[in-house]
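Each chain is listed here by its residues.
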Amino acid sequence: MTTFEAILLTIVTASTPLLIAAMGELVTERSGVLNLGVEGMMAMGAACSFAAAVTFDSTLLGVAAGIVAGALMAALFALLVLGFAANQTGSGLALTILGLGLSGLIGAPFVGARRDPIAPVDIPGLSDIPVVGRLLFEQDLFVYASIALTVLVALYLGRTRSGLMLRSIGENHTSANALGLPVLSTRFRAILFGGACAGLAGAYLALVYTRFWSPGMTAGRGWIALALVVFAAWRPGWVLVGAYIFGAATVLQLHAQAAQFGVPSQLLSAVPYLATILALLLLSLRHGRAIGTPGSLGVPFVPDR
Amino acid sequence: MRFELTPRTNVNSAMRIAASIAAFITSFLIAGFVIWLMGRSPIAAFDVYVLQPLADPWSLQELVVKATPMALIAIGLSYCFRANLWNIGAEGQYVIGAVLGSWIALRTHGTEAGAWVLPLMLLLGILGGAFYGLIPAFLKTRFGVNEILTSLMLVYVAQLTLDYLVRGPWRDPKGFNFPQSVTFDPAATLPPVFEAGRVHYGAVFALVAILVTAVVLGRTLFGYRLKLTGDAPRAARFAGFSSKATTMAVFAISGGLAGLAGISEVSGQIGQLQPSISPGYGFTAITVAFLGRLNPIGILVASLVVALTFIGGESAQILLKLPLDLTQAFQGILLMCVLAADALVSYRVRLVNRGGGK
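Chains as they are written, first to last, in UniProt numbering: chain A, 1 to 305; chain B, 1 to 358.
Bound-form chain B, shown alone:
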């Protein structure tokens, strides 16, 4: 027995969307099976994971709050993945963006500093993330070092840097020795979009990033260049597109957006620096980018869907005593199903007996 793959010639976007939905349903079935193996009711779990959060207005706001960083990071990653470049260190770029932006918040803490604080924080967040993203890009373009490994190693370095800062120089002296910074002043806090709501302006940044990306990828030479670099690197070279410049650009964009996600989360949601400022948004965003088929609107939808698994995972932990690791396992299964579905769209897969089908 073996699989036989025949490339499909007529692939349309409807098939690709259908594949994403099929992948999502399949991963739910697999997760339900795992929950059943654990001796729990898959139907009760589905209710807690999916239906209850969608029925509750507070959860719906929470959904947008959680989707915001993932959408921002994933939209940045889509630039890299389209060019077939593998930035898997977005988690680190997110952390460094948050750290650099927070530096301004901590420096101006307790002063009368005005309206310039927040824009400067956001700017430094973007620059910090972009700088951190450019390190693996520079090592790749200048020295040919594999970007997958360097970008990932830098995640650990970024997390340790944050850990050092909140336990050392940036620790709140009045914080009872807890490893956390002071709470940001109102001038350094990203305000909610609606009065007394939970959704902060990071969600607006995410929407803007999605719209801009839709235009850039669909309507500009840069977007075409990315696609060509990814799909046909030789053709891109003959066309005179510098792959080095493309690499630097996409890492700067994705790092910058991850940094913006980091500072938005800290300033709009957490309100202070602490040792852990992300439940793995930077890694989950990879799943989001693929689930959204690297398409801006797809990523918007995918970020909301994956945010649902985070919220459902939290309530399942409380209500059903299902461990939080289940959410991560589910996200892994989801990504696998998406990749398999991708293949099913690109190829006609048949199971044939050995020797047959020639």
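For reference, chain A alone in the conformation it holds in the complex:
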């Protein structure tokens, strides 16, 4: 395997958790709810999946635990913002603080443990094609699942009745309610879906990307996922593109650090965060203000009677 191939493979690995988490948040935001707790749900997904995978020596159970942990955190958020109509920004921040703390508690006994890499899918013949063979046909299952997730979300939002209902609720919850659409239950499901995706992304980080647990290992990826949704103007296809651009930026700065260009490593480490700001800025310059933002995003819904 050439270095070039190796870099391409690591870019895919770095992009996948961003893609999964951002896709979940996209659905949540399209329903009109802003959940800033992605970082916390992701951290909980990572800690719970790693703890379960080590305890039961099963990657599958680990992944399931990560998804459930993310969804449970999301349910807590839903209780606050749907049940009590609490401030969404504050509740999301609280969820992040809680998730980072709680994940530290859950992960503490597992610091230092390691998991074996999971076997990639291997399609004989196809994965021997030069350059693109391994890239396209010898990834782990999560990678294919993340692409499938993107397609399914795009189809769901764009082509199904239920997806249209979800979008109209996000666009204007007062009108949607007047039409008799179930605002709160749709939002509840969308929030749970977002949490499950964030948990899955965390599980991927802990079980495939690093294969160990350390506190704060999400390192702002949840926030980058949130930025990706804005960058993509709430469209699934663009989330995919954005996730891969950010994955590439992350991996290339790591390689640049290893190559020692004489640039301080901290400057290179700052690249993903600076790139996020730059991407948001470029998007605003191109589209003007807040293109594609769901109309009711972040506004609590209290039905009139």
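Fair warning: there could be bad hints in the mix.
Which bits of chain A does chain B cover? Going by a derived footprint, with three or more residues having C-beta under 8 angstroms, they are [to be verified]:
1. 83-95
2. 224-232
3. 265-279
It is worth saying that the hints were derived from the structure and are not from the lab.
We treat Cβ as the ideally placed atom computed from N, Cα and C, and that holds for glycine.
Given chain A's structure and the hints, the job is docking chain B onto it.
Frame of chain A, contents of chain B only:
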């Protein structure tokens, strides 16, 4: 089953204070339950977390030392949150304020520089934090970029900048390769308020900021403008208040106060620059601001209360071997309870069966 919310019409400040207290008690009960789940005694934990620090004079001073940066940052954030603007990058503004102020301390290190050093450090600390806070504000007002994400991304950039400086150009050459700067000269050290005490002048700055804010928010046109911008942006526009100018102003104020907190902490408490100069004060201050209901006096009380969880967390780590992450988890629960309590004050919440209650 679903919740039904009815807006309350007669909400008074006594109810709001009661809600804060109820939120605090609820979060203690939840945390006690978590500790019980971990197989420890919640009563012993409550003793170590809350009662022991309050009974010990040394801890009481420590309480004020820890509350100081959070009060300063939270009072700044209250300007932003009142205007419904979300500066969540106070941690970064704190770091940049500390870095810029420390620059003077390091430049004058070992010289005979006089009494001007400290005021200049504090000034640069404020300016550094304000400048760093103005970046997301500028991007928002000029280009419509979401301030939540940019202000947060800048936190990571600020921490990496500090890390670079203390490992690179600003490292103490005689420091055995430890990533830290030289220890500040006495001229660059914020003195204690009382002789040989631990409480430094940062606490006085915090009190002044709280008093000034109480006057500004309650008695000036600017305070009214903030409230109007937050509660009724359309009305604020019709009244001729520029939302752009308001955004820039509140980010500069909150950034400046976070910067002042940063330089005060480094100069009055730590005494040198090191890779980590905050246990997350900038983020915890968000909880403090909400727990204090964005009210200056409330923030004063809330900062002391949350400082207690930091000190209790440290002693619980030593005495009960409870991990420090528990403190962070508790702060998350606390913020959630405060937000839920807020809703319980604003709305009458009833649990009804589906289809009923129309």
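Taking the earlier hints as the rules, which of them does this structure contradict?
none
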